[in-house]
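With the hints as your guide, set chains G, F and Y with the ligands onto chain S.
What follows is the residue order along each chain.
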Amino acid sequence: MNNRAESEILIKLELPADYKYLNILGSLINGILERIEDLEEPENLAYGLQLAVHEICTNIVGHAYEEKPGYRIWLEFRLLNEPLRILVKVSDTGKEFQSDIETAPDLENAQVHGYGLFLVEQLTDSFEYRRDGLYNRWTIEKALTISKKDI
Amino acid sequence: MNNRAESEILIKLELPADYKYLNILGSLINGILERIEDLEEPENLAYGLQLAVHEICTNIVGHAYEEKPGYRIWLEFRLLNEPLRILVKVSDTGKEFQSDIETAPDLENAQVHGYGLFLVEQLTDSFEYRRDGLYNRWTIEKALTISKKDI
Amino acid sequence: MNINVFDIVIRIVTLELEGRLDAFTAPQLRSKLDELQNQSVIRYVLDLTNLEFMDSAGMAVMVTLLKHARQQEGDVKMVLPKLEAARRILRLTRFDRVFDTFETAEEARKSFSI
Amino acid sequence: MNINVFDIVIRIVTLELEGRLDAFTAPQLRSKLDELQNQSVIRYVLDLTNLEFMDSAGMAVMVTLLKHARQQEGDVKMVLPKLEAARRILRLTRFDRVFDTFETAEEARKSFSI
Ligand SMILES: Nc1ncnc2c1ncn2[C@@H]1O[C@H](COP(=O)(O)OP(=O)(O)O)[C@@H](O)[C@H]1O
Ligand SMILES: Nc1ncnc2c1ncn2[C@@H]1O[C@H](COP(=O)(O)OP(=O)(O)O)[C@@H](O)[C@H]1O
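As you go down the protein sequences, you meet chains S, G, F and Y in turn.
With the working numbering applied, the first sequence corresponds to residues 83 to 233, in that order.
With the working numbering applied, the second sequence corresponds to residues 83 to 233, in that order.
With the working numbering applied, the third sequence corresponds to residues 79 to 192, in that order.
With the working numbering applied, the fourth sequence corresponds to residues 79 to 192, in that order.
Bound-form chain S, shown alone (with noise of 0.2 Å):
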């Protein structure tokens, strides 16, 4: 099978911005890394990548939306080429980010807070904040390493 992504994929989702629902993240993720062949440790970068999009999710819903109901989350899933790599973007219109906040926590000491941006930082190949008119956007790349066996 051939991985070159055929031109661009391009998959959206927008769902409900409430912890119950950031399960179908996760589910949406495996489907698409299925159904990519060969991939490099297809567990622990299915597992990384959820996580990281789950962490950006759970901050939206918990400090942008303040847990506020009604509110909705947008994503887009991107298959890129040249190297194989998937890119998520993830926007929302609640509060601004703050990003001269502290995030890095203190290894050292176990603490509470302060892991879910570490974690989105240390899962993804790049990871990026901006704000766009009443949109917060938060885009995290990460890419696919095909194994080498089958070459």
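Hints are computed from structural coordinates only; laboratory data are not their basis.
Some hints could be false.
[To be verified] Label pairs and their in silico Cβ distance ranges:
1. N116/F <-> L92/G: 36 to 42 Å
2. E96/G <-> E94/Y: 36 to 42 Å
3. W156/S <-> G97/F: 29 to 35 Å
[Stated by the list, open to error] Okay, derived cross-link-like pairs now, DSBU-like style, lysine-lysine, Cα gap no bigger than 30 Å in a straight line:
4. K188/F <-> K102/G
5. K224/G <-> K94/S
6. K177/G <-> K224/G
7. K230/G <-> K171/S
8. K150/G <-> K171/S
9. K230/S <-> K177/S
10. K224/G <-> K160/F
11. K224/G <-> K102/S
12. K177/G <-> K224/S
13. K102/G <-> K145/F
14. K110/Y <-> K102/S
15. K94/G <-> K150/G
16. K102/S <-> K230/G
17. K230/S <-> K150/S
18. K177/S <-> K94/G
19. K94/S <-> K94/G
Note that the Cβ used here is the ideal one computed from N, Cα and C, for glycine as well.
Chains G, F and Y with the ligands in isolation, oriented as in the chain S frame:
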């Protein structure tokens, strides 16, 4: 847990009209149904709903878009109350469906084609097609029965 | 002295299908079957034990094979999936009557008459 | 004659967590733990063997419990998940150093000193 969808729960998905990525439907549907507690026969329900939506989408790829690349499918999943049920709308911009086509397969004599729409009908509680401007709209509904044991 | 030897070779090909058999993967199965039909194979066991999902495109490939095999006095025996939800679909479409069905590949193979 | 009896009861509570521990399910765990803390339990085994997914909200509940337990001379021992991908996250966040970790609940329980 209370299974009443708090208000109306709406999840939207947009994906390439390509057989390759239709597995995502199954993942998404499993993800949605996972969060409904005490479903009666959850496996049969998830499988049947997955198959019904999948058949509508393979028909769109194969018949409405005639397997041409670059087209899109739009899906809306709604959890509704009284009675608890899931409603799925599938839209495309392909060829109009000629609803006078004989779709019931002759079950006594196995045949190669014609099982798709038959399965959709069998696996859902209601099933509708309508042309809407440039769009084809397919709508199915399926009751989500909660098992009585915990009540 | 005359010795006449009649050599009868009965070839039964078993295909174990795992994962998804759908509009995307059905062409892979179809081309595998084309290959076997070119080798004049007419006796098949389709082992669906570990099949997780099957759609009408997958069913179409199975029926096409069945018709072809029976035309040539062969047959296709089906080993039912473990997954009850998938069995239910085979009942709905009466595939469980159109095909001879079995619980194991061994039983399916033994059912071929010689 | 005087007989003095000192009765020492050590209670170790094991919680097996299965499925997802995330922002949606973490409150369920938190309220279970509140209940136990109200009963003055200070020794816990968190058995993550069959945990499928854990996010930072789940971790927050575990750290809160750890701090609370250690303040009262208790402790929380962790049984590592089977899933390697989940273990990797525990290493990334150094949770595998902050908590005493074990491969089985039995080992975790035995590690409590009396
Ligand atoms: N989407 C967001 N909108 C607004 N503020 C955010 C958002 N995400 C994170 N933050 C801020 O950054 C801080 C660190 O986030 P994070 O690392 O996820 O840890 P936690 O959510 O546990 O506090 C949060 O406490 C919050 O103040
Ligand atoms: N989305 C669609 N657009 C146009 N025609 C369709 C569509 N879906 C089904 N059809 C028509 O209805 C017929 C029956 O469909 P179906 O029961 O799925 O069987 P099959 O696809 O195997 O022929 C198709 O052969 C096709 O002519």
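Handout entry: Satisfaction of hint between K94/G and K177/S, Cα-Cα up to 30 Å
Key = 23 Å, holds
Problem - Restraint check for K102/S with K230/G, where alpha carbons must lie at most 30 Å apart - result: 23 Å, holds
Exercise for the section: Below or equal to 30 Å on CA atoms is what counts here, so check K94/S against K94/G. Expected result: Given pair K94/S, K94/G holds - Cα atoms ~8 Å apart, limit 30 Å.
Practice task
Mind checking the alpha carbons of K230/G and K171/S for me, to see if they're no more than 30 Å apart?
Solution key: 41 Å, violated
Practice task
For the pair supplied as a hint, K224/G and K102/S, confirm whether the alpha-carbon distance does not exceed 30 Å.
Solution key: Roughly 21 Å separates the two Cα atoms, so the pair holds.
Exercise for the section: For the pair we were handed, K110/Y and K102/S, check the Cα-Cα distance against 30 Å. Expected result: Between K110/Y and K102/S the Cα gap is close to 19 Å, so the pair holds against 30 Å.
Handout entry: Holds or violated: K150/G to K171/S, with C-alpha atoms at most 30 Å apart
Key = 27 Å, holds
Exercise for the section: Mind checking the hinted window 36 to 42 Å against the Cβ distance between E96/G and E94/Y? Expected result: At roughly 40 Å between Cβ atoms, E94/Y and E96/G fall inside 36 to 42 Å, so the hint holds.
Exercise for the section: Using the beta carbons of N116/F and L92/G, state whether their distance is inside 36 to 42 Å or not. Expected result: Since N116/F and L92/G have Cβ atoms about 51 Å apart, the given range 36 to 42 Å is violated.
Handout entry: Satisfaction of hint between K150/G and K94/G, Cα-Cα up to 30 Å
Key = At roughly 23 Å apart (the allowed maximum being 30 Å), K150/G and K94/G satisfy the hint.
Practice task
For the pair supplied as a hint, K102/G and K145/F, confirm whether the alpha-carbon distance does not exceed 30 Å.
Solution key: 28 Å, holds
Exercise for the section: For the pair we were handed, K224/G and K94/S, check the Cα-Cα distance against 30 Å. Expected result: Within the cut-off at roughly 24 Å; holds.
When the structure is compared with the earlier hints, violations turn up for hints 1, 4, 7, 9, 12 and 17 and for no others.
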